[in-house]
Amino acid sequence: METKTLLILITVVVVYVLIGGAVLYGIEHTNELQTQTTASATYFNFTGAVSSCVTTDQVRQFVTAIIQAYDDGVLVTDSQTSASQWDYASSTFFAMTAVTTIGYGNQAPATSGGKAFIVIYALLGIPIMGLVLAGLGEKLDGLLKPLKDKVFIKKNEKIDQLVKTLILVALILLVMSLIPAGIFAAIEGWSYGDAVYYTIITMTTIGFGDFVIGTSDNDYRALYKLLSSVWILLGLASVAMLLSNITDLYKRIAPESKTDDEEKDEKEKNENKESSEKEKPAETKDPIKA
Amino acid sequence: MIKLRKSTIRLLALALFYLLYLVIGASVFSAIEGPQERELIKNVKKLRSDFLTDNTCLTDDKLEKFIASIVVATNRGVSATKNVTMAEPNWTFGQSIFFAGTLLTTIGYGRVAPLSEAGKGFCLLYAMIGIPLTLIFFTAIVERMMIPTKMFLYFLFRKLGHLYRVFHIQLLHFFILLIATVLIIFIVPAAIYSALEPKWDFLDSFYYCFISMTTIGLGDYIPGDNPDQKARAVYKLATTVYLFLGLLVMMLLLAVLYDIPELNLGFHFYLKSDEEEEERARLRSGGEGSGPKYTKQRDEDPQKQTGGSQMYQPTQEDVAAATGH
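Chains as they are written, first to last, in our numbering: chain C, 1 to 290; chain V, 1 to 325.
Covered stretches of chain C (chain V as the covering partner; in silico rule of three or more C-beta atoms under 8 angstroms from a C-beta of chain V):
| no. | region |
| --- | --- |
| 1 | 99–108 |
| 2 | 201–209 |
A few chain C residues that don't get close to chain V, going by computed Cβ distances all over 10 angstroms:
| no. | residue |
| --- | --- |
| 3 | Ala-89 |
| 4 | Phe-152 |
| 5 | Thr-165 |
| 6 | Leu-227 |
The hints are simulated quantities; they were obtained by calculation from the structure and are not laboratory data.
Keep in mind the model is a prediction, meaning the values are calculated, not measured.
Note that beta-carbon positions come from the ideal geometry of N, C-alpha and C, so glycine has one too.
Could you put the whole structure together from the sequences, leaning on the hints where they help?
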């Protein structure tokens, strides 16, 4: 697409995500504060009751309450409070993971308003994001023209295409998965394997949510989440481009196949020929049988 | 003997292979994750019983460690409050099929996720091969689903072609399909889920269907996870089938939408549109009035891959031919 059009589209998407973040922040933040207050109260009450020893029922109640709070996204202990999941930066990050259909799930709207909003929001946002990613993918494709113009294996065009596609896959894996995974592993304290797992689960938009960047509190959390969002978008666009390249490769490598209609027409022609040939011998056979 | 087109035979073979692929994935997940999960359940239980037998008053350190492990367990979908052994672990066969299905459709709920290193590694490999496979598979099926859909469209052309423009009839066609989809893929299943799931009301169920069909898959709602759920394996399998069918219908909808050139906004964003416009300009300046017939662009968006083959664009002449006017 024209660069100007792409820039406008990107601006539209950015604004859309920011607006989504703002709305979600408005809806979820209050609810979260309330949940946090209740969870704190539960915790302190339990601590007070512990001085006379604890019964099974109290433990269960306590644990159930903790789990309930955790399911709603809040973990309260006396050494740290979980970083807010619905502050502005996190809400925006969530909005982005929704319209890219990654949908981690470690964080999800708890209020009915939030849920209703996300349904409408995603309905509009997903197609828009789809267009952006397709457009970005095309641009990335253009950037790779020097690679595509090179001929690696002169004699066989199909193998040459295959080699180029494999190089592309390796390149994308390296730039979008292996290198960022190193950075994430260092920042998040994950093992390198887990970080690679995280990048690929994200790039495929599967998005389990068992590993999500930026959940713990640190000074540069907002910037970190912003840069990570850029990475996600570029990564997804790369996957879009990769898939279209693989489709092209398949088209070139797969043998020329006739469409079903052409096959049918050919068959009919052959059958007509055969039946007109068969008529003559049949005529001579019948009188013998009769 | 029934004569099948070669392509139909190939599709059947692909469908069978795909089923096999799902079964293989489910078996591997079950085998890898089952032991790990049982271990985790055992540990959490022991932790809990130790907590109880420790009759002395707790220190904050112990309590925090306890909470931390409870939380980790919850994160992994393991309940720590059940008195008796949990009815079923997470990685039973029915659940594993469900998991494989949500992996290949990229829904990826996450409530149940691989815990072991081997499980994660296999997951990645399985997905990187399986997702393109799923796309190819779905595309082929949607291509065939388009045949009766087109027949319906031509039926509408026959009945209304003399009253309305092609574009309007196409819109009507799309909206009828859209309403049918909302009813059959969203509203009816939502009603069923709200009846089957004790804690879900209708809106929760609808929300679940929506989050699943868009493949966002947050995982805050998962059918069949109620501890007292009867016939859980069948329930999960049925849900997996629902997810696949629903996604096919969604793809079909998109394919129909894509066939309406006036709505094909995406086209304007592709480099090919520049070539098209150049060609149009050249023709306009060069020759007679007839502009180039709109040529269908291959859908480059992998996330919503629509029909793979060139979709035929009906022009006014084609409508006339089809309706016999």
